[in-house]
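2 protein chains.
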Amino acid sequence: MITDTTPSNDRFLRALRREPVDRTPVWLMRQAGRYLPEYRATRKRAGSFLAMAKNPDLACEVTLQPLARFPLDAAILFSDILTVPDAMGLGLYFADGEGPKFERPVRTAEDVAKLAVPDMETELRYVMDAVRVIRRELDNRVPLIGFSGSPWTLACYMVEGGGSDNFSKIKAMALNAPDLLHRILAVNTDAVIAYLSAQRAAGAHALQVFDTWGGALSPAMYREFSLPYLTRIAHELERGAGAARTPLILFGKGNAPYLEALAASGTEGVGVDWTVELSEAARRTHGKVALQGNLDPAVLYGNPDAIREQVRQALDSYAEGNGGSRDGHIFNLGHGMSPDMDPEHVAALVQAVHEISAR
Amino acid sequence: MITDTTPSNDRFLRALRREPVDRTPVWLMRQAGRYLPEYRATRKRAGSFLAMAKNPDLACEVTLQPLARFPLDAAILFSDILTVPDAMGLGLYFADGEGPKFERPVRTAEDVAKLAVPDMETELRYVMDAVRVIRRELDNRVPLIGFSGSPWTLACYMVEGGGSDNFSKIKAMALNAPDLLHRILAVNTDAVIAYLSAQRAAGAHALQVFDTWGGALSPAMYREFSLPYLTRIAHELERGAGAARTPLILFGKGNAPYLEALAASGTEGVGVDWTVELSEAARRTHGKVALQGNLDPAVLYGNPDAIREQVRQALDSYAEGNGGSRDGHIFNLGHGMSPDMDPEHVAALVQAVHEISAR
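Going down the list, the sequences are from chains A and B.
The opening residue of the first sequence carries number 275 in the working numbering; numbering runs sequentially from there.
The opening residue of the second sequence carries number 275 in the working numbering; numbering runs sequentially from there.
Take these hints with a grain of salt, some might be off.
Which copy is meant is left open, because identical chains are indistinguishable; a pair holds if it fits in one copy or across any two.
What the hints assert, rightly or not - Straight-line alpha carbon distances no greater than 20 Å define the calculated DMTMM-like cross-link-like pairs of lysine to aspartate or glutamate that follow:
| # | residue 1 | residue 2 |
| --- | --- | --- |
| 1 | K318 | E498 |
| 2 | K562 | E534 |
| 3 | K388 | D614 |
| 4 | K328 | D370 |
| 5 | K443 | D614 |
| 6 | K562 | E510 |
| 7 | K443 | E618 |
These are computed hints drawn from the structure, not numbers from a lab.
Since the model is a prediction, treat every value here as computed from it, not as a measurement.
Extracted from the complex, chain A is given alone in its bound form (with noise of 0.2 Å):
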């Protein structure tokens, strides 16, 4: 267990606690990720996204490219959201240009009968592994966030064999047999909490929790099978205490809806999309937990004064919603990045943040 050491750039943490920092920390989601030709170059190296994904030393090289380039508050990990359920044996896989996909999808009781909590430490080394060694390349210059799907994201992709649409086979599920569902949800709630565990006993210094399809579902569904699961990793993920907790973040697209639950679960940060204003989401959260958002990814295709002005913009929306204090915002996208995104304007955005930010 290395999480007790301190970062020298500490803003991350130190605003997921709420505490006072100089300038606002900004990472992106999927900063290490196609728009870069060194992410590219590495990728091929390594002949597929998995191959990389599985090799701790090239993990570890496309986790420290984006820091190479800006001066990014933190690291994230890289890796697959779907490793949990290929640790359970559904067989994950890419077919070209089509995103993931699953063999043996779950769709039957004897299917769900057959998923159990993989063993962190085996199944899941190559994951544990990149973390030790980003740690160590690292060395302590910024955080390190280690990260899940949530219990309902994965189950979509575990339901419905890969990316869906709609979602029908889940929903079908969901209203046809929702206690198959929710034993679905059970084990990947286990199991998400012994992934995170293990992260943090590999060094992640943060842990987020991708709730990418949550927003999805209608109200009543998402308060059946999507927020009770995040709130029982917010309540049973041990991660310490002070200074040297492990702070969880909730990420959801889609969940402006919530933010009063998710501000409740015992999270210490939620992260929200570009559809509901920071100053919003800062009042009905009135400071329980730190907001990490939001910027649309697509403002990356503005140029680089039109980047500042919306970046201006969210700075002094959370702000205003935060009794005029800065402190406890985390400046992110809204979502990931797409491969045709500009790096110059990523270098604009993260100058804008931490000039306009500045106390």
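Starting from the structure of chain A, add chain B where the hints point.
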């Protein structure tokens, strides 16, 4: 003009005026569609989707198909959302299995300068002819709804050149050249008003605007690029008075944050998706408009018992937020139907709405 003939089943129009009705009216977005074998047969005969949409007799045929199967309370014109930009000369086509595309997308000031409101009775005559044929064949059994895409949603397709995951091109235009985008939106708004007026003149009893992509915008951008143009339509579209009024419904995916503004726009109805509780939508619009929606279309993948229970919850949710009354509610899905849905389940849904909502 034949809009002054009241249909024998006028529940839908009465609900839009928030008048008492014997049962809550119901229709379904994309109720004429590929989930019906008779639709697939007509489409096969037509040769292509566009050939079917551009032939008034075939458009009439598929418009009426769901009414022959289910006791729906309204018909909706079968047409494409992109007829208007097609008539502007952008060259609509459907690449196999890929959705709509434009041969000549709108990207530059030169492209924008060329845009003009098409002539409704020449360039879009096939749509008005379809409205006239459907009105004749409907024989005043139920009301006929005409429709258009919203100025913003049409602009998305016009600038992107087709569908898009992240709206990179139009959002870049919004950031880098907002005046150019406002010129597109102004022309689109004039065109939508002319288009809906012509459909009304041809016999449509009600008019719906689909702002399918408004919810992809940040609140600041929605308030700049979508809402003002919807409001202008609600203000400027002439639609008569009293029982002869041709009411307007503004539907928007992801429009929950803006319900107060939409209710104040001057529209008669607002359509909402399933990410907001109808009780909340009713409370926040407090009787200013009729509400239409809002079951998750994926509910149709549930079994008939589950569908009935979801219908009951939606009906009760509306009444709860509307002071205990079911009046002013038009039952619908929160988005369009999908091709793999079971017609028997549609029958179960329609029956459940009528039975449970009987006064």
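Hints versus structure:
1. Taking the shortest alpha-carbon separations for K318 and E498, neither the intra-copy value of 42 Å nor the inter-copy value of 43 Å comes in at or below 20 Å.
2. Taking the shortest alpha-carbon separations for K562 and E534, only the intra-copy value of 9 Å comes in at or below 20 Å, while the best inter-copy value is 27 Å.
3. For the identical chains of this complex, K388 and D614 are neighbours neither inside a copy (40 Å) nor across copies (29 Å), given an alpha-carbon limit of 20 Å.
4. With identical chains, the CA atoms of K328 and D370 are at most 20 Å apart within one copy only, with a shortest distance of 18 Å there and 37 Å across copies.
5. Taking the shortest alpha-carbon separations for K443 and D614, only the inter-copy value of 11 Å comes in at or below 20 Å, while the best intra-copy value is 32 Å.
6. Taking the closest pair of Cα atoms, K562 and E510 come within 20 Å of each other only inside a single copy of the chain (18 Å); across copies the shortest separation is 46 Å, beyond that limit.
7. Only between protomers do K443 and E618 lie at most 20 Å apart by alpha-carbon distance; the minimum there is 18 Å, versus 41 Å within a single protomer.
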